[in-house]
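All chains, full assembly: derive it from the sequences and hints.
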Amino acid sequence: MSNYKQIFRDGLWGNNVVMAQSLALCPLLAVTTSATNGLGLGLASMAVMISANLLSSFFTPFISRAVRIPVNILMIATLVTITDLALNAWLHPLHKVLGLFIPLIVTNCAILGRVESFASKNSLLPAAADGLAMGLGFTWVLVFMGGIRELIGSGTLFANASLLLGENFAFLEMQIIPDYRGVLLLILPPGGFLVLGAMLAVKRLLERVAERKQAGAANCIAVAEGK
Amino acid sequence: MPAKDMSTLIANLFPCVEKLRDKLGYQVFLLATSTGIATLFLLLTNLVTSPAIAMRAQEDQLAGLAQVMPPTLYKNDILSTRQQLSVQGQQYQIFTAEAEPGVITGYVLETEAPGYAGPIRLIIGVAIDGSLIGVRVLSHSETPGLGDKIEVAKSDWIRSFDGHSLDNTSAPDWAVKKDGGSFDQFSGATITPRAIVTSVHKSLQDLSEAIQALAKPEPQETLTTAPITPTQPAERTVPTLQEASS
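From first to last, the protein sequence lines stand for chains Y and W.
Under the numbering used here, the letters of the first sequence match residues 1 to 227, in that order.
Under the numbering used here, the letters of the second sequence match residues 1 to 246, in that order.
Among the hints, erroneous ones may be present.
Every beta carbon over 12 Å from chain Y, so not counted as near; a handful from chain W, in silico [claimed, not checked]:
1) Ser86
2) Gln91
3) Tyr116
4) Leu132
5) Trp157
6) Trp174
7) Lys202
8) Leu214
Label pairs and their in silico Cβ distance ranges [claimed, not checked]:
9) Y:Gly182 / W:Ala63: 26 to 34 Å
10) W:Glu151 / Y:Pro190: 20 to 28 Å
11) W:Ser139 / Y:Leu205: 36 to 44 Å
12) Y:Arg65 / W:Val152: 55 to 63 Å
13) W:Lys75 / Y:Ser22: 32 to 40 Å
14) W:Leu62 / Y:Gly113: 39 to 47 Å
It is worth saying that the hints were derived from the structure and are not from the lab.
Note that CB positions come from ideal geometry on N, CA and C, so glycine has one too.
Laid out in structure tokens, this is it:
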């Protein structure tokens with residue numbers, strides 16, 4: 001059980017796709033102009049990650065090491081194309097928002113990375129859990145970053161969420177700052193880099209604080225035992 | 001290791017896989033098979049989704065049309081009336097709205113204006129008297145926060161075209177205020193509104209000329225009641241704006 005705990009801790013924080021591995025930055029920077037867009041791409045990527053991990057874990061015994069990368073890429077590309085077509089047919093409003101970015105999921109090296117480094121060495125359940133954990137990790141970063149950029153950039157939060165999740169989620173749409181003129185910079189591409197940089201800095205700061213606390217605690221124990 | 005269990009299971013089921021896996025022939029077979037399976041899945045998905053996707057595309061187009069041509073104004077299958085028109089390199093797609101066969105109530109044009117950062121796709125609804133019912137932007141890549149005020153969701157500017165026609169707005173007035181015309185520009189973005197005003201004006205001129213050119217050879221047929229099939233768009237006769245409104 002601690003194995004799964006570790007998988008989720010890694011996916012959400014310790015070995016997060018964006019915050020630790022610095023992968024998947026291209027779709028991240030392009031999509032996060034609003035929290036809703038981030039959520040949409042995050043969920044789509046998560047679905048592809050889970051199924052890619054599952055398939056790859058299942059077929060690993062059949063796949064020769066020499067041709068594993070073309071086979072895995074083919075598999076991921078097929079999954080993405082199927083997702084793209086299915087979204088276009090049955091979740092059309094979402095597809096209109098994300099249409100441009102769904103093909104980008106193929107180029108998301110995080111997916112091939114997880115298939116290569118985790119799924120091909122583990123059995124089905126841990127592989128699916130890893131896909132879920134990594135996908136959730138990617139999703140929260142996308143939503144968080146989209147939220148910051150949307151809030152500062154246009155003063156709203158989760159605008160158009162009802163397009164993505166259905167009318168029941170219209171309550172998510174918030175105008176946080178009324179009559180806000182907007183900070184254009186945050187919506188434009190440079191804003192993505194600025195926010196990402198700030199988030200990485202905060203993460204390292206938090207980790208350093210946690211480290212110091214641990215060291216301090218260890219010191220205390222050592223002192224106490226010494227006494 | 002669970003992965004090992006899996007491998008042994010498969011080795012037991014297919015004893016040859018373990019031995020063959022590093023042979024060149026097996027690798028070729030593996031690549032070919034996986035490509036084949038992937039193709040099969042894509043084919044199936046395409047087969048299942050393509051009717052739904054075609055329907056969605058049509059709904060999109062109708063929703064776009066409805067913004068500039070109220071559905072109460074026409075009863076015909078407006079999408080099937082599509083005609084191509086090209087005037088000096090400017091491409092138009094023209095849809096004809098008919099309340100009943102032969103009674104034309106208006107036209108919808110789709111065209112592109114050269115924007116600041118790429119083409120702006122416009123849809124323009126024109127009533128039979130030549131006045132604009134509405135103009136909307138279907139897609140654009142203008143600067144967010146500056147040029148994107150052309151979207152109806154962001155600003156009411158695009159509604160300032162409503163009711164204008166070649167008759168009630170003189171040629172010099174078809175320009176932004178900065179150029180001495182009667183349409184507002186946005187602070188910080190003049191190129192975008194200028195392009196749209198120019199494009200809408202030119203569309204109206206080209207439409208009225210096209211209608212006149214089509215109607216002239218056989219003016220007696222302007223109110224023909226013959227049902228027109230979409231397969232013969234060239235034979236359509238279109239009344240001049242003046243004739244039909246009188």
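Query - Non-interface claim for Trp174 (chain W), where every Cβ of chain Y lies beyond 12 Å - result: holds (30 Å)
Requested in this report: Just tell me: holds or violated, for the beta carbon distance of Lys75 (chain W) and Ser22 (chain Y) against 32 to 40 Å?
Outcome: violated (58 Å)
Requested in this report: Starting from the hint 20 to 28 Å, judge whether the C-beta atoms of Glu151 (chain W) and Pro190 (chain Y) obey it.
Outcome: Holds, at about 23 Å.
Query - Status of Gln91 (chain W), Cβ more than 12 Å from any chain Y Cβ - result: holds (23 Å)
Query raised in the report: Is Tyr116 (chain W) truly not at the interface, in the sense that its beta carbon sits beyond 12 Å from all beta carbons of chain Y?
Result: With a cut-off of 12 Å, Tyr116 (chain W) remains clear of chain Y, as the shortest Cβ separation is near 14 Å.
Query raised in the report: Any Cβ of chain Y at or closer than 12 Å to Leu214 (chain W), or is the non-interface label fine?
Result: holds (35 Å)
Query raised in the report: Could one say that the CB atoms of Ser139 (chain W) and Leu205 (chain Y) fall in the range 36 to 44 Å?
Result: Holds - the Cβ-Cβ distance for Ser139 (chain W) and Leu205 (chain Y), about 42 Å, lies within 36 to 44 Å.
Query raised in the report: Is it true that the C-beta distance of Leu62 (chain W) to Gly113 (chain Y) lies inside 39 to 47 Å, as the hint says?
Result: This hint holds: roughly 43 Å between Cβ atoms.
Query - Leu132 (chain W) non-interfacial with respect to chain Y [C-beta, more than 12 Å] - result: Per Cβ check, Leu132 (chain W) is outside 12 Å of chain Y; nearest 26 Å; holds.
Query raised in the report: Against chain Y, does Ser86 (chain W) keep a CB gap of more than 12 Å to every residue?
Result: Check passes; 28 Å lies beyond 12 Å.
Report task. Determine whether the Cβ-Cβ distance between Arg65 (chain Y) and Val152 (chain W) falls within the hinted range of 55 to 63 Å. Result -> Taking Cβ atoms as reference, Arg65 (chain Y) and Val152 (chain W) lie about 56 Å apart, which means the hint holds.
Query raised in the report: Is the Cβ of Trp157 (chain W) more than 12 Å away from each Cβ in chain Y?
Result: holds (17 Å)
Against the hints set out earlier in the document, a violation occurs for number 13 only.
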